[in-house]
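Enquirer: Sequence:
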Amino acid sequence: MLITEKECRSALNRCGIPGIDYCLNPYTGCSHGCLYCYASFMKKFCHIPEEWGSFVQVKVNFVDRLKAALRKSKHGCVTLSSVTDPYQPLERKYRLTRSCLELLADTDLAINILTKSDLVLRDLDILKKLPQVKVGLTITTLDPYTAKILEPGAPLPENRLHALDRLTAAGVKTWVFISPVVPGLADTDENLASILKKAAAAGVQEVHYDPLNFYPAAVSNLRAVIQRHWPKLRLLFEAACRDPYYYKEQLRSMADEIWPVYGYDSNLTP
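At position 180 of the sequence shown (counting the first as 1) the number is 180 in this note's numbering, and the numbers step up by one without a gap.
Among these hints, one or two may not hold up.
As the list claims (entries may be wrong) - Pairs of lysine to any residue, SDA-like flavour, derived with a Cα cap of 25 Å:
| # | residue 1 | residue 2 |
| --- | --- | --- |
| 1 | K248 | P260 |
| 2 | K74 | L124 |
| 3 | K197 | I258 |
| 4 | K232 | S220 |
| 5 | K197 | S266 |
| 6 | K148 | G184 |
| 7 | K148 | S220 |
| 8 | K93 | R166 |
| 9 | K248 | W230 |
| 10 | K93 | D118 |
| 11 | K74 | A110 |
| 12 | K129 | R71 |
| 13 | K6 | S99 |
| 14 | K44 | S54 |
| 15 | K128 | Y94 |
| 16 | K173 | V261 |
| 17 | K148 | L119 |
| 18 | K74 | Q132 |
| 19 | K129 | H75 |
As the list claims (entries may be wrong) - Pairwise CB distance ranges (calculated):
| # | residue 1 | residue 2 | range |
| --- | --- | --- | --- |
| 20 | K148 | R223 | 16 to 22 Å |
| 21 | D125 | L233 | 40 to 46 Å |
| 22 | E50 | D243 | 24 to 30 Å |
| 23 | E102 | S253 | 41 to 47 Å |
Hints were generated in silico from the structure; no laboratory data involved.
We put the CB at the ideal spot given by N, CA and C, even for glycine.
Please model the complete structure; the sequences and the hints are all you need to start from.
Expert: See below:
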């Protein structure tokens, strides 16, 4: 993993995600190395020849930029993060996410966190004090073998479930993001129901899902691993790639049936 440090021009940026007004991305790139990563488009801004997923740029002046931006009162919701994981392993050393939360604690901004890491528990002391915070853990599958292939650098699903349990027990609002729902691998009734069941047992308030974004890089990566590890699922994956709209409608119908069984609304947006 190539680690470099750089300075950024801004920290608190406007965000186009529905329900989110601002985003904070203290790192560019991510060492989780997820094969389906939709943020690979960020590579064109990095000026680094290495493949996406093999490098991380640390924005060492990020906290100072955020402090400057917060001098003027801000309202709405801010997310950590939209194109990186705020709790990837480097956060243990640089603590940029924690420093951001300390600054946000003195604002009126609602905070939405999305991560794949149980490192978020390190900041439980701050999270418990924030009046408007939600913490989401992305869980694509509960199968450790599948997870390690799709998300080689991320903590195992059981670690994320443990984090959810600890967070909800501490009174922090939590949510689960089943993302992406990989055709053939993660869209089975068994996989979706198992995640929903575990989420409900942990006291998670909301469970959202997101179909695979059929970006060429993600499709190419997934096609290769499915052919290697799950060749019998190749036809299902290829069928979804040929008609993404139809696949998403099928998934919507499936969610409308399964989500209410566990007390969740499938029509909510994250």
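Enquirer: Determine for every hint whether it applies to the structure shown.
Expert: Hint check results:
1. K248 with P260: Given pair K248, P260 holds - Cα atoms ~19 Å apart, limit 25 Å.
2. K74 with L124: holds (24 Å)
3. K197 with I258: Holds. K197 to I258 sits at ~10 Å (cutoff 25 Å).
4. K232 with S220: Holds: K232 and S220 sit about 17 Å apart, inside 25 Å.
5. K197 with S266: Holds, at about 14 Å.
6. K148 with G184: Since the Cα atoms of K148 and G184 sit roughly 17 Å apart, the hinted pair holds (cutoff 25 Å).
7. K148 with S220: holds (18 Å)
8. K93 with R166: Within the cut-off at roughly 23 Å; holds.
9. K248 with W230: Holds. K248 to W230 sits at ~22 Å (cutoff 25 Å).
10. K93 with D118: holds (15 Å)
11. K74 with A110: With a Cα-Cα distance of about 10 Å, the restraint between K74 and A110 holds, given a limit of 25 Å.
12. K129 with R71: holds (21 Å)
13. K6 with S99: holds (17 Å)
14. K44 with S54: Between K44 and S54 the Cα gap is close to 14 Å, so the pair holds against 25 Å.
15. K128 with Y94: Within the cut-off at roughly 22 Å; holds.
16. K173 with V261: With a Cα-Cα distance of about 21 Å, the restraint between K173 and V261 holds, given a limit of 25 Å.
17. K148 with L119: Distance of about 18 Å is within 25 Å: holds.
18. K74 with Q132: Holds, at roughly 14 Å.
19. K129 with H75: Status holds; Cα separation ~18 Å.
20. K148 with R223: 16 to 22 Å: This hint holds: roughly 19 Å between Cβ atoms.
21. D125 with L233: 40 to 46 Å: holds (43 Å)
22. E50 with D243: 24 to 30 Å: Violated - the Cβ-Cβ distance for E50 and D243, about 34 Å, lies outside 24 to 30 Å.
23. E102 with S253: 41 to 47 Å: The hinted range 41 to 47 Å holds for E102 and S253, with Cβ atoms some 44 Å apart.
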